[in-house]
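4 protein chains.
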Amino acid sequence: MDILRGERLKGLAPEAINFISSISHDEPLIKPVIMINQAHMIMLIEYGLVKREYGIECLKALESIPLDLKLDPKLEDVHMNIESLVIKKLGEEIGGQLNLGKSRNDQVATAIRMVLRDYILDIISNLIKLCKTLIQRCEEHLETIMPGYTHLQHAQPVTLAHHLLAYCEALLRDGYRLRDSYKRINLSPMGAAALATTGLNIDRNLVASLLGFDGLIRNSIDAVSSRDFAVEVISNLSLLMMNLSRLAEELILWSTYEFGIVEIPDEYASTSSIMPQKKNAVVAEMIRSKTSIIYGDLIASLSILKSLPYSYNLDLQDLTPRIWNACNIALTSLMVMDGMMKGVKFNVNRLKDLIKNDMLLATDLADYLTQKFGISFRIAHRIIGALVRRAIENGKTLSEVVGDLSKFIEEITGLKVNVPINELKDVLNVEKAVEIRKVIGGPSSFEVIKMMDYYKSEINGLENWVLECKSKLERSFTLLHNKIALLRGVGS
Amino acid sequence: MDILRGERLKGLAPEAINFISSISHDEPLIKPVIMINQAHMIMLIEYGLVKREYGIECLKALESIPLDLKLDPKLEDVHMNIESLVIKKLGEEIGGQLNLGKSRNDQVATAIRMVLRDYILDIISNLIKLCKTLIQRCEEHLETIMPGYTHLQHAQPVTLAHHLLAYCEALLRDGYRLRDSYKRINLSPMGAAALATTGLNIDRNLVASLLGFDGLIRNSIDAVSSRDFAVEVISNLSLLMMNLSRLAEELILWSTYEFGIVEIPDEYASTSSIMPQKKNAVVAEMIRSKTSIIYGDLIASLSILKSLPYSYNLDLQDLTPRIWNACNIALTSLMVMDGMMKGVKFNVNRLKDLIKNDMLLATDLADYLTQKFGISFRIAHRIIGALVRRAIENGKTLSEVVGDLSKFIEEITGLKVNVPINELKDVLNVEKAVEIRKVIGGPSSFEVIKMMDYYKSEINGLENWVLECKSKLERSFTLLHNKIALLRGVGS
Amino acid sequence: MDILRGERLKGLAPEAINFISSISHDEPLIKPVIMINQAHMIMLIEYGLVKREYGIECLKALESIPLDLKLDPKLEDVHMNIESLVIKKLGEEIGGQLNLGKSRNDQVATAIRMVLRDYILDIISNLIKLCKTLIQRCEEHLETIMPGYTHLQHAQPVTLAHHLLAYCEALLRDGYRLRDSYKRINLSPMGAAALATTGLNIDRNLVASLLGFDGLIRNSIDAVSSRDFAVEVISNLSLLMMNLSRLAEELILWSTYEFGIVEIPDEYASTSSIMPQKKNAVVAEMIRSKTSIIYGDLIASLSILKSLPYSYNLDLQDLTPRIWNACNIALTSLMVMDGMMKGVKFNVNRLKDLIKNDMLLATDLADYLTQKFGISFRIAHRIIGALVRRAIENGKTLSEVVGDLSKFIEEITGLKVNVPINELKDVLNVEKAVEIRKVIGGPSSFEVIKMMDYYKSEINGLENWVLECKSKLERSFTLLHNKIALLRGVGS
Amino acid sequence: MDILRGERLKGLAPEAINFISSISHDEPLIKPVIMINQAHMIMLIEYGLVKREYGIECLKALESIPLDLKLDPKLEDVHMNIESLVIKKLGEEIGGQLNLGKSRNDQVATAIRMVLRDYILDIISNLIKLCKTLIQRCEEHLETIMPGYTHLQHAQPVTLAHHLLAYCEALLRDGYRLRDSYKRINLSPMGAAALATTGLNIDRNLVASLLGFDGLIRNSIDAVSSRDFAVEVISNLSLLMMNLSRLAEELILWSTYEFGIVEIPDEYASTSSIMPQKKNAVVAEMIRSKTSIIYGDLIASLSILKSLPYSYNLDLQDLTPRIWNACNIALTSLMVMDGMMKGVKFNVNRLKDLIKNDMLLATDLADYLTQKFGISFRIAHRIIGALVRRAIENGKTLSEVVGDLSKFIEEITGLKVNVPINELKDVLNVEKAVEIRKVIGGPSSFEVIKMMDYYKSEINGLENWVLECKSKLERSFTLLHNKIALLRGVGS
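Chains R, D, Z and S supply the protein sequences, listed in that same order.
Counting in this note's numbering, the first sequence runs from 1 upward without gaps.
Counting in this note's numbering, the second sequence runs from 1 upward without gaps.
Counting in this note's numbering, the third sequence runs from 1 upward without gaps.
Counting in this note's numbering, the fourth sequence runs from 1 upward without gaps.
Only chain R is shown next, with the shape it has when bound in the complex (with noise of 0.2 Å):
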């Protein structure tokens, strides 16, 4: 029978069952809506709201759920699951007492929350991995010396650690905002109930602590309307994929054979159906196409909210997919990025190449120029334009092309000076451009590793946020599942 609809509606149209259910994305709400009902009915036993033996019945019942539970989509959504599974075992006069003082408006937003600070602390336990795998491979690269790039064309000399930390500063980051969202998160909203609360007794301070929530949500319009909670933790992990896809852009381009400076390991690759030798970066293209795909998330999220008027609307279970499937990809990219970055082989020899490309020193050469003549930087850069032009037309480098320099120097500023050639030489050891860059955040393998230093004590920061975080969480479980024994144990 359908406890819901009884005698107030006839059934639902075939057509429209599948159409206006959840079921295909309530999996991860199975425990938590069981936790939910423990600890709801612990609190109106306490309060005398249920009779104490009734509501002892209800909470064996609901132990005795198995997680892996099938879920009916004629039941509309795990709540109506839970609960029809309860009046079956129980009879309506006992299990009917479950949804007393609460609603289904108030649980599914308690146990979103529920699933997804469980989520949060797993992604960023993963990000911090990521971020540890990172700087243990600028640990072997302090001094492997790369083309830094800008616009995709060679720059200025950097080393591949100084490049790879930039990664770890972005990640923590996106770590932190997660951390910031938690608060926002672990709040609870029951005992909103439908909307207006309830006219009965209830205690939503009980329940939120043994729900491992930090505190409530207040009002209770607000507790049941609002998934902005959730669409915060999908942009952020819209950022945090972000992030990964420019890693991940740069792993294909690196890989390809015109750049050639790493090689993906097999584990991370796949090859042609047709053709033997391919062996593409299949694994970083689907985290870059996975950040499109949490970008529609997101986006679908934000225009199911807008507009709505309050308070509960069908709209919002529409939401709550995107929320799992957000998740899932920010934490299956990091933990593939994680192996992928653990195991890409770095070619130091293709590197050593590329900055053979000695343009990548030209503003060395003018900071030189402002530094030892007293030229304007303006003006030396200028003059430099003018050298890298003559060069690039006689296919040449600037090694090359630099005795002409004093001359370029007086055609472009009359200024008449000798350039010491030795002088040039250091200018243009691309070793040497890289340790004098020793401003904080430059690429020195002296400021490398103080910023590496920097990193590891933030992530030890976050790493042991998270384990408060979970700690707390098991205190408040353990508490509930003494109660329920505690209560067993007397009703028994």
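No lab work stands behind these hints: they were computed from the structure.
Beta carbons: idealized from backbone N, C-alpha and C, even for Gly.
You may find that some hints are simply not true.
When the alpha-carbon atoms are kept at most 30 Å apart in a straight line, the in silico DSS-like pairs for lysine-lysine are as follows [said to hold, decoys possible]: (1) S/Lys70 - S/Lys31; (2) D/Lys10 - S/Lys356; (3) D/Lys345 - Z/Lys396; (4) D/Lys416 - D/Lys396; (5) D/Lys407 - D/Lys432; (6) Z/Lys416 - R/Lys10; (7) Z/Lys88 - R/Lys416; (8) R/Lys372 - Z/Lys88; (9) D/Lys60 - S/Lys372.
Ranges of calculated distance between the beta carbons of each label pair, as one might list FRET restraints [stated by the list, open to error]: (10) D/Lys51 - S/Glu139: 39 to 45 Å; (11) S/Pro73 - Z/Glu53: 45 to 51 Å; (12) Z/Lys396 - D/Val417: 48 to 54 Å; (13) D/Asp426 - Z/Asn429: 48 to 54 Å.
We have chain R already, so just place chains D, Z and S on it with the hints.
What follows is chains D, Z and S alone, placed relative to chain R:
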């Protein structure tokens, strides 16, 4: 054994297997991939590119594959699953012929097009059904006057039929957009192979015609790189859903206690888990949210394709489930909307109440002044504006204050005129106001009937086009199966 | 002369000039770019990297630039405009010093952050204003009962104050999100130069502190490549606008003829060019559409960043106007919403009419049965469902059919009970129904007052934070200007 | 005086004026709004709905309005600006006739369509130019062999002409999509008035034909409520930009130091403010970012329309600038891409180097085995896979290890065969490998020439269609102006 990676690459990392597999959304491709393999093999046999008896064995093996085949994610995709199955059955010497002169790249593009063209025809058919239902409901309400809204405020009187026909015209545009897209979908990429065709003497036109295509995607690089044909469809379906979402919104508004214009049929509504009095327009709400979902699919698809270098990249794989999802959303939404529109009850009495708000006729009053006294429209607008303000401030209807009209005219224009009260009664008669709007596309029943006839004939044309497309496809498939039967007969 | 392309490249194609210029949206950057040049030059002087007298000339020239400078698109961007101006004034020998040890890449990232942090503080201040206005309106309507809606259907009674406070809680979350973002915005990229810092001995911390930053973006590649700080803000503003759009939607609905709950103040409405009776909630409509616009800005920004290889690419330039647009939308929307909410009239009589629909109390009736007779909630829900159906079928209110309750109880449960009619009257008293909802976050006036106090204290905290940020910025700027004055004094 | 609010509403709040004004993006509408007023007035005169002499005065006043009119935001929009101007000139008695039987609602929808159809024709013309340029560049490079890429890895040899023609085919689809949209754009909403037509005896067909429309949007509610015609165009332009972004991406990649395949013409590149050696493909980068911008415009437009109840709402106003922006982006991007493609230098020597990587011919080698020894393709794929692995592990080319082929065949199949080395040389000859790919759409020069001819003829057809549309529009405008002249002559 992994027939692809074989001697070339080590096995995939476990966490990468699902990450790069398309299996979870390849199920719709099973049938077309089998057909493509069949058509391609027939061509290879006819052109002597494979041994006749080997080819025939392959055709037999292909025919024996069940359409509800369970796909194995370890084999990456539907293509390798089917090839593996044939090889398992026939051995690699015979079964290994299957992929000669083709590639997953052209095959998947072709298969997607085959599924998509069926969806298009199916969606248009359901769109036609909904248009017919709308027209049917119009026929009942040719003379049911209602307030026409702008800015959700009462504007001018229209009829329910007139209003519903607006959706009919919009939906027809959606139908035409899809029909236009069909031209760009029903072209065959087969023969492009990986990207560069093949050195073998294959016949692209033969394969195309056996598979029901109207022509070829000519350039082989374009053939494997492009998905704009699919995004075009997702975009057209987004517009279709957008139109449905507007109708859904009106159903939601109109079924509120406050509007009270419609009653949603029980079969398309739900009640509350806590409030037994509730009857919620949940199906309409889901059409609204599904519109957001399809927007997400659209933007995800566009984002995937942006800046993707030619030719095939695995990113394209993540676009495919967006297509299926968009098509399913549109198809089911049309179905439930059709069911809902068939059953929705229009509360004619409530509409009668609403049009008692004779502010709806303010424009008619202004028009009357222009025609009667040669007052310019802008001045007339101002006069009636003042009259309206007076009415509102005194909580009266227009009819109740219309006696002061002469006074207002004089105040504003200086003109002394005598407005005949009996003529004003006519102007403020809402039935007459509707009937005089005989302009093409207007609400008078005469014009609405003409509109309905026009739409019926348009619908008819669209319906015939669908039938022709379907029969053309069937003729091709008959040819394909006859060729197989003939070869098997000869071969056995 | 083109000081950049100079000797290096031929002139831009005419149609490319505007295509790549950022001038059209660089206006907000003029002031911060001047300040950055000042802070950087002070640092160069203090560290002896430029001649003191040259540096002082540059500082003077920078100070003389008008903040309403008209930018020239041929000079590509604000950076080159300002440098050109200084060079024009001082000659290339002196003015050409300006860009020593910095680049447009770090400069633009820094300037954007400076504008953005001001916007954040301004937006939060306006958000606070709106929250205060909402609370003020709540104080007038602590006891104005209205139907609470779910699925836009009457659900349970709440008060107008309770309803409006839901927006207050949501807006506070928006405020906190922006406050969290501020931490990631107010970090200085200066010193990263093009991407690799510089070989010169510059002091990033000094520049940062003169410009009011709380710290550095450490890694120099990250410093010039990243815009996630900005997209984070656009995303947070999207959520803010989403929340405003829901309030706007309710104002639109509530101001319809049918709902009749509010009257929009004239100052925030418009009439029609043709229908003089119209009063349209156009400001609310525009808040709704602006929400869509900001969504577009968000997705455009995310799409720009996806798969962009490190470090700087010109694509980033197209992100900047999205930031300005998003900030302006949020800021002005908060302002007009505040004005509108201040002036909106709530039609208390209409609300009194609406709550006569005592279906709102069906849940209370069910709750009563559970407490009175120990009937389980699910059975009680069913009993009342049947009662409701009866009432609707006969066009009656709940109060009118409640006499049959005993009969229904017996029919469904077999239980023979006598329901005391006088108790039912109490249950069906909407004022009492509101007052018994004393649960935290519920509608009873007692609880609403507590909520208001809570929000006021939160608002207060946020307000103080804004003031502290502003005063910290001002202290830095004072230092900057003192240093300039000191140098000018010494130099002249 | 505010001719609209006049007697009806108090003045707008100052901060609301700009918030609801469309003035900032109404400039393109000035000309069409004037023309619509003219056509409508001619109709009113011809049907005797306004006094002939009054009407003629209006026509004169309309003609005297400068097209570069500066619009006043206080007058809300272009419509009220123009009407006010006429009234200012002629007084309200005469000028106030202008809006009789029409409304801003139908007028704006009509004007947008008029601007949009011009954009469509202009964009298609520029798309044709780019296609012609591409074909021209193909003619130079019919035999320039390059590596064809899949997954950005060397796949099989193609020619530069073959590759560029892929874009030509894609762009043609973009052209056809726009042509299809034109049918749905060039229909007149005029006469729908606010939403319900009018009681006056107006002639919609006459107005439509004077304005160059091919027909009517029939249903008057649809006529003012719909913008799907515009979003359809934004969506088609999004696909066009998507295609351009892929070409832009290839130009960026190909112009890197590592690829070195193209040199961007100076006129479409920029240098760095700090690194004088830089030559950045900034125009291509901006095409890439503009693609993201247009995606944002698309999603904003779709989001605006979602769930918008009928008929006109001011939200629609915010959609209009998205249309202009999308059209301008597409138009200018086509122009700069055309200029860039005209001037780009292909580095033929670099391509010769790249194709020395004879892994490109692995598939040919596998195909050879199938045809020579009847080995199945899948086995051949495996044999060559092993050979490739051997080559890579030893840092050799395919040619260098091909001597071991017989051995590999035996190892894997047990088959003892003797592979004739001279035949292998032929198979591994990249020129021959290209020329044998004579399949339709393949890279052999013979086939590429056929493709070019095909595209030329398609381009020709599209070009003729544009010309026909333009001449049809011109004929209508001539008629319109003749009518005005005739009336003025008679009237004066």
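Hints and how they fare:
1. At most 30 Å may separate the alpha-carbon atoms for a hinted pair to count; S/Lys70 and S/Lys31 meet this at roughly 13 Å.
2. For the given pair, D/Lys10 sits about 27 Å from S/Lys356 by alpha-carbon distance, which is consistent with the 30 Å threshold.
3. The suggested pairing of D/Lys345 with Z/Lys396 holds, with an alpha-carbon distance near 19 Å, which does not exceed 30 Å.
4. Of the pairs offered as hints, the one joining D/Lys416 and D/Lys396 holds, with about 25 Å between alpha carbons and a cut-off of 30 Å not exceeded.
5. Between D/Lys407 and D/Lys432 the CA atoms are separated by roughly 26 Å; this keeps the pair inside 30 Å, and the hint holds.
6. Using a Cα cut-off of 30 Å, the hinted pair Z/Lys416 and R/Lys10 holds, with the two alpha carbons roughly 27 Å apart.
7. In summary, the hint linking Z/Lys88 to R/Lys416 is supported, as the alpha carbons are separated by about 24 Å, within the 30 Å threshold.
8. A hinted pair counts as satisfied when its Cα atoms are at most 30 Å apart, and R/Lys372 with Z/Lys88 qualifies at roughly 24 Å.
9. Restraint check for D/Lys60 and S/Lys372: the C-alpha separation of about 25 Å stays at or below 30 Å, so the hint holds.
10. In this structure the supplied range 39 to 45 Å holds for D/Lys51 paired with S/Glu139, their Cβ-Cβ distance being about 42 Å.
11. The supplied range of 45 to 51 Å is met by S/Pro73 and Z/Glu53, whose beta-carbon atoms lie about 50 Å from each other.
12. Separation of Z/Lys396 from D/Val417 is about 52 Å and conforms to the stated range, judged on CB atoms against 48 to 54 Å.
13. Hint check: D/Asp426 to Z/Asn429, Cβ distance near 50 Å, so the stated range 48 to 54 Å holds.
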